[in-house]
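Participant: If you're matching them up, the sequences are chains H and B in order.
So for the first sequence, the numbering used here puts the first residue at 1; every next one is plus one.
So for the second sequence, the numbering used here puts the first residue at 902; every next one is plus one.
No lab work stands behind these hints: they were computed from the structure.
Hints are supplied without guarantee of correctness; some may be wrong.
Footprint (simulated), chain B over chain H, 3 or more residues, beta carbon under 8 Å [unchecked claim]:
#, stretch
1, 242 to 255
2, 529 to 535
Okay, derived cross-link-like pairs now, DMTMM-like style, lysine to aspartate or glutamate, Cα gap no bigger than 20 Å in a straight line [stated by the list, open to error]:
#, chain 1, residue 1, chain 2, residue 2
3, B, 986, H, 895
4, H, 620, H, 763
5, B, 1032, H, 763
6, H, 857, B, 921
7, H, 452, H, 895
8, H, 856, H, 895
9, H, 539, H, 313
10, B, 1112, B, 1101
11, H, 452, B, 921
12, H, 509, H, 478
13, B, 1071, H, 313
14, H, 88, H, 38
15, H, 830, B, 1089
16, B, 1071, H, 828
17, H, 857, B, 1076
18, H, 448, B, 921
Restraint ranges, calculated between C-beta atoms of paired labels, are given here [claimed, not checked]:
#, chain 1, residue 1, chain 2, residue 2, range
19, B, 1043, H, 829, 53 to 61 Å
20, H, 408, B, 961, 30 to 38 Å
21, B, 983, H, 397, 26 to 34 Å
22, B, 1026, H, 760, 38 to 46 Å
23, B, 902, H, 81, 45 to 53 Å
For each residue, glycine too, the CB sits at the ideal point set by N, CA and C.
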Amino acid sequence: MEYCPVKYPDPFNQDISKNKAIHIYFAQAIPLITYIDESCLYLKEKKCRICEAVCEKDAIDFTQTPERVDIKVGAIILAPGFESFDPKVGNKYGYGKMANVVTSMDYERLLSSTGPFEGEIRRASDLKHPRKVAWIQCVGSRQVIPGGKSYCSAVCCTYTQKQVILTKDHDAEAECAIFHNDVRSYGKDFERFYQRTEKLRGIRFIRSYVTIVKEVPETKNIILKYTTPDEGTKEEEFDMVVLSVGLNPPADAHELANQFGIELSPHGFCQTNPFDPMETTRRGIFVSGAFHGPMDIPESVFTANGASSQCGELLGYRRGKLTTERIYPPERDVSQEEPRVGVFVCHCGANIGRVVDVPSAVEYSLSLPYVVHAQEQLFSCSTESTNQIMDVIKEKGLNRVVVAACTPKTHEPTFRYSLREGGINQYFFDMANIREHCSWVHSKEKEKATQKSKDIIRMSLARACHLEPLQDFDLPVDKAALVVGGGVAGMTCALSIANQGHEVHLVEKERDLGGIARKIHHTLEGMDVQAYLRDLIKKVYQHPQVHVYTEATITEVTGYVGNFVTWVTSERGVTEIKHGAAVIAIGAEVHQPAEYLYGEDDRIMTHLELEERLAKGDEKVINAGSLVMIQCVGCRNEERNYCSRICCGESIKNALKLKELNPGMDIYILFRDMRTYGYSEDHYREAAGKEVKFIRYEPQDKPQVEAGESEEGQPVLKVTVTDDILGSKVEIDADFVALAAATIPTAGSKEISKLFKVPLGADGFFQEAHVKLRPVEFGTDGIYLCGIAHYPKHLSEAISQAYGAAGRALTLLSHDTVIASGSICEVDEKKCMGCGACVEACTYGAIELYETRQGKKAKMNPILCKGDGLCNTKCPTGAIQLKHYEDEQLIAQIDAAIGDG
Amino acid sequence: MCTGRVDLAFVFRSFYNGMDGVYIGGCRLDECKYITQGNYHALNMVLLSKKIMEHIGLNPERLRIEFMSSAEGSRFAETVNDFIKKVSAIGPFGKSEGLDENGLKSKLNEIGSLLPYIKIVTRDKLSLRLKEPEEWNKLFTKDEINKLFSEVISYYIDPEKCQACMTCAKRCPVEAIISAKNQVHVIEQEKCIKCGTCFEVCPTKFSAVTKISGEPVPPPIPEEKRTIIRKGKEKSI
Chain H
1 MEYCPVKYPD PFNQDISKNK AIHIYFAQAI PLITYIDESC LYLKEKKCRI
51 CEAVCEKDAI DFTQTPERVD IKVGAIILAP GFESFDPKVG NKYGYGKMAN
101 VVTSMDYERL LSSTGPFEGE IRRASDLKHP RKVAWIQCVG SRQVIPGGKS
151 YCSAVCCTYT QKQVILTKDH DAEAECAIFH NDVRSYGKDF ERFYQRTEKL
201 RGIRFIRSYV TIVKEVPETK NIILKYTTPD EGTKEEEFDM VVLSVGLNPP
251 ADAHELANQF GIELSPHGFC QTNPFDPMET TRRGIFVSGA FHGPMDIPES
301 VFTANGASSQ CGELLGYRRG KLTTERIYPP ERDVSQEEPR VGVFVCHCGA
351 NIGRVVDVPS AVEYSLSLPY VVHAQEQLFS CSTESTNQIM DVIKEKGLNR
401 VVVAACTPKT HEPTFRYSLR EGGINQYFFD MANIREHCSW VHSKEKEKAT
451 QKSKDIIRMS LARACHLEPL QDFDLPVDKA ALVVGGGVAG MTCALSIANQ
501 GHEVHLVEKE RDLGGIARKI HHTLEGMDVQ AYLRDLIKKV YQHPQVHVYT
551 EATITEVTGY VGNFVTWVTS ERGVTEIKHG AAVIAIGAEV HQPAEYLYGE
601 DDRIMTHLEL EERLAKGDEK VINAGSLVMI QCVGCRNEER NYCSRICCGE
651 SIKNALKLKE LNPGMDIYIL FRDMRTYGYS EDHYREAAGK EVKFIRYEPQ
701 DKPQVEAGES EEGQPVLKVT VTDDILGSKV EIDADFVALA AATIPTAGSK
751 EISKLFKVPL GADGFFQEAH VKLRPVEFGT DGIYLCGIAH YPKHLSEAIS
801 QAYGAAGRAL TLLSHDTVIA SGSICEVDEK KCMGCGACVE ACTYGAIELY
851 ETRQGKKAKM NPILCKGDGL CNTKCPTGAI QLKHYEDEQL IAQIDAAIGD
901 G
Chain B
902 MCTGRVDLAF VFRSFYNGMD GVYIGGCRLD ECKYITQGNY HALNMVLLSK
952 KIMEHIGLNP ERLRIEFMSS AEGSRFAETV NDFIKKVSAI GPFGKSEGLD
1002 ENGLKSKLNE IGSLLPYIKI VTRDKLSLRL KEPEEWNKLF TKDEINKLFS
1052 EVISYYIDPE KCQACMTCAK RCPVEAIISA KNQVHVIEQE KCIKCGTCFE
1102 VCPTKFSAVT KISGEPVPPP IPEEKRTIIR KGKEKSI
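Bound conformation, chain H alone (with noise of 0.2 Å):
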C-alpha cells in the first residue's frame, strides 16, 4: 500500500478523501484484507507492478481471473439493499456543483474517525470547520416529481437527528437547522431522541419547504429560501446544506429480478406479500433487509432472522449435513509449570503499525519476567498468523498467551482457538488492546502512544500470569419451545418452528387465538386479515406438533437456557412443560381514552371500534355527514413519551373505507405529524387527494369536542381546532368522532417479565437485548421476543419479527447442547461468612444460601450465572470470586499499571 503510485477517489468515503489502488476496503472490513481493484495502473496499462516486486511474501498474483463457481442450493435470499438517492437527479439541490452541499450519505463518512478527515467535520471549499449546518429533509422521497420517490423514506428523519447530536459532539457551538415536513419519530425510542436533540442549544426545527436560492461566490456559503408562520418567506446563509437523501432500489434491481425470475414492486424494490414478508413472488427464494423497501435497522434484522427462519422450513431436514466437527489435540496440563508467555505485537496492517513503534514494543516485552517469546505480525488474526501462534505453542511451551492487538470484542474467540489448537486451556490468553487504546485514538502522539502500548502489554502481561486453566461446559438442549401469547405473532413464531420439526406449546391467556387481530379487518394495502387469520389458526390447530392451551396462566418458570420448565395453568388443567426455548409474543393493549368525551357519548369512538363498527356495516356511520378523527390520543405526552407507530396508517386506512363507501362524506384528520413512513406514504396522498382534510394541530393546544347543534338544529359533535396553517379555530360539526388511541402494554407484561426474568424498558415495553442489533432476544439466553409486545408495529413487521424470533430460536433449538462459558463464579466455603449480600446482589437468582454444619454458606447455581461479577464487589471475605476475573487477577493488572515509572 505504502509503494502503490495510484491515488483516486476512495468510494468508501463517498470519493471525498481518495486512497490506492491497493487497499484494505475500510478499516473494519471483514475479511481485513488488502485487495487490488480496477484503479490499478498494471490492470489498465500493463504498467507498474511495484507491489509485486515489493510483496516479500508474494502474496500478490496478476494473473488471477474470475472464476465460475457453481452451488447447488435449496432456497436463496436475497439481500442487495438500497442505494442512496442521489441529488444531481432533476438538478434541483446543487449538489455537485456547489462545494459546501453534501449528501447525508458524505456527512456520514465526515462524521466518522474513520472518515477522510478522521473524524473532523470539514467544508469541501476551504477544509474549515462549518458552524452553521442546516439539514434538508426528504430530498429524493415523499415527492411525486421525475426522479423522486413517491414513498417516504423512513429512516431519514431520525438519522438526521442522530447527525444533529453528532455535530454537537464535534462542536458544541455550532447552529443546526433541520428543514422538514412530518417529523417521524415512529421508531422505538425515537420519540426521546427527537426530545434530546430538540432540546440542545443552537437547534432549529424548520417546519418549511426550502429552496437553495445561491452559492455565495467569496465564501462559498449556501442560501436558502424558507417560509414561517411568524416570519413569511426569509433567506439565510448557511456555511454547509446536508441532503438527507432518501432509500432507492439497488441500481441493478431489474437485472437481479430477471436473473432469479422474481418480481418488483410498483416502486422498483422487492414485490412482497404483507402476510409473508420474506417470501418473493417465486417460492424457496427469500428477501432480507431494505431490498423490500424502506426501512430501519431492526425490521432489517427482523427480515433476515426471519428468511432464515423460512429457509430453514424448506430445508430444516438437511440442517447440519454440510458442517465438520473439529477436533482438538488434548490440552497439557501446566499447573505445574512457571508461567511460560508469547507475546504477539499485530501491526494491524498499518493501524498499529503506522503509530505504536511495533518492533520497540516486541523488544520491551522480551524484557518482562516469564517472556519466552515475543514477535511482530502483519495481521495476528489471519490464518497464517493464528497458525504461527499455535506453532509457536507447541515449539516454545507456551503456557500462556498475550496478544497485542485490537479489541477482545472481536477477536478473541479466534485467538482461543490458536490456544486449544496448540494444546493449552482457551483461558490462558489475554488480549492487550493497543489499537483501540493507541493508535487510533493517539494518532499524533506516536512516541506516547507506543510507550502506553508498552503499559497495556505489561498489564496484560499480569494478569495473564495469574490466569487458570477453565472448562466450558455443554448443556443439553430440550428440542420444545414455548410461545407465550397466541396472537398473528405467537402463532406464525410457533408454526415456523414447528415445521423445522420442534415441538411447540402455544400459550394463550383468551379463550381463542388470534389476539389484537381479531378486531381488524384489512390491512392499508386492502388485505383481509380476517380471513387469514382463520387460515393461520386452522394452521395451528391441524399441526401435529403444535400444543395450544388457552386459558391459560403462567404460574412459575424455572431452569435457563436450553432447560426451562414452566408451569401452566389452563383448560386443559395443570400442566408443566419442559423446553429449550422461549419466545415471548404476548401483544398490546389499545388504550381506553379519558379525553374528548370518550365513553360519556356513544358516537366518539377508538379507531379499533370504527373499524369494528365499519366492517359490521353500521348504517349510521356509513351514511354520516362528517367524521373527525384525532391523532395521538394517549401517547406522545409526558406520561407515554413514545409514538404508537400504527394509528397514523390505521386513520388513513379507515379514512380511505370511509371515502370507499360513502363518498360525500367528510372527514377531517387532526394530527401533530403523520408519521405514514414507507409506502403507507402513498395512501397518505391517496387519502389527501380524496378531499380527507388533514389539520395540523400542537399539543398545548389540543382540540376540544363537544356535544351540540348544528345550524339546522340537528346533534352534533363540535370539534374545535386551532388551523397551523391559517392560525385561526376551526369549529367542524362532526356526526362522529374516531380517537387514534394509543398501543399500550398489556397488563400482564410485568408479571411476565418477572416470571422470566426479562426486562421492561421505560415505556412498559418488552426490552430487547439491542434496540438495533439484536431485536428479537432477550439479554436472558433462550428467551426471543417478537410481535406489539415489543413496541406497537403494523401486522407484516409483526409477522416479519415472528419469523425472526423462530430463525433466533432454531439457532439454539437445532443444537443439542450449547456452550456456557467457564468464567463464572465459585464460592469458596471455606471464606464464606453466610451473609447473604451476594444473593442479594445477583438478580439472576444463580446464588442461594444452604445451611451446612458450618452454618449458612453461599451456592452457586453455575448455569444460572451471567457472570457479572456483582456479587464479588459485595462479598467482604472474597469468598466468591469470577473465574477468569479474580480479585488476584485483576489486583496484578493494576499493580502492573504502575509499572517502573
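Place chain B on chain H using the hints.
Facilitator: Only chain B this time, still in chain H's reference frame:
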C-alpha cells in the same frame, strides 16, 4: 464482567500504588442490557470512595465515574480529556494535598484492611438505585464516614470465659483465630475482618466473644497462660 465488578479494593489499591487519578466508565444508567444494573452499584461504590478519600484528606476529584454508551466515542474522549486536565491541575498524588507519603500509605493500608468491615456496614446503601443526581452527594454524609472510622468494631475473646470449644475458629472465614484444644482462643487482630461470625457462633453459655466499638482491643493473653485448667477435671484426677 460488569462495571459493578469494580471493587472498592481496586480503587484504593490504585491510589495506594500512587496513581493520580482513577476513571471508571460504565454503561448509561437504566440502559442495562441485562437485568443486573450494576452501574448503580458502581456509582454508590464511587460515592462512598470519594467520601473516604475526603476523610483522609485526598481530593475526591481524583476519582470519577462516567456513564455512556459505546456509540458515544466523542463523549468518552471529552470526559477523559477533561478528567486528565482536572487531575493534572490538582497535581501529584498526596503531595499537592500536603500529605506525607508514608502517612498516606499507612492510611490507605488501614483502609485496605478495613474494606471488608466497610462493605458489611454500608451494604444496604451500596445496593440502592439512586435515579436523581441530586441524591448522589447525600448518599454518604461526612459524619457517617467519621463515625464509620471512629467507631470501628473489633472482636475480642475474653480469656476468662473461653472454653476452647474451637467453634469460632472453625467458622472464622479468614482463619484469624489461633486455637488449639484446651488453649484459650485468640483473635489475630491483623487478620480479622470484623465480620462478627465468631461473636455470632460462640455458644451462649460461654459468651466469650465481646464486641468493642471505637476502643482499643486489650492485648492478647500471653501464649504461656493460654492453657485452660478445668476444675471438673482436676477434681476427678
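Participant: Confirm or reject each hint.
Facilitator: Evaluation of the provided hints:
no.	hint	result
1	242 to 255	violated (count 0)
2	529 to 535	violated (count 0)
3	B:986 to H:895	violated (23 Å)
4	H:620 to H:763	violated (37 Å)
5	B:1032 to H:763	holds (16 Å)
6	H:857 to B:921	violated (39 Å)
7	H:452 to H:895	holds (15 Å)
8	H:856 to H:895	violated (34 Å)
9	H:539 to H:313	holds (15 Å)
10	B:1112 to B:1101	holds (10 Å)
11	H:452 to B:921	holds (16 Å)
12	H:509 to H:478	violated (24 Å)
13	B:1071 to H:313	violated (61 Å)
14	H:88 to H:38	violated (25 Å)
15	H:830 to B:1089	holds (18 Å)
16	B:1071 to H:828	holds (14 Å)
17	H:857 to B:1076	holds (16 Å)
18	H:448 to B:921	holds (18 Å)
19	B:1043 to H:829: 53 to 61 Å	violated (39 Å)
20	H:408 to B:961: 30 to 38 Å	holds (32 Å)
21	B:983 to H:397: 26 to 34 Å	violated (47 Å)
22	B:1026 to H:760: 38 to 46 Å	violated (26 Å)
23	B:902 to H:81: 45 to 53 Å	violated (36 Å)
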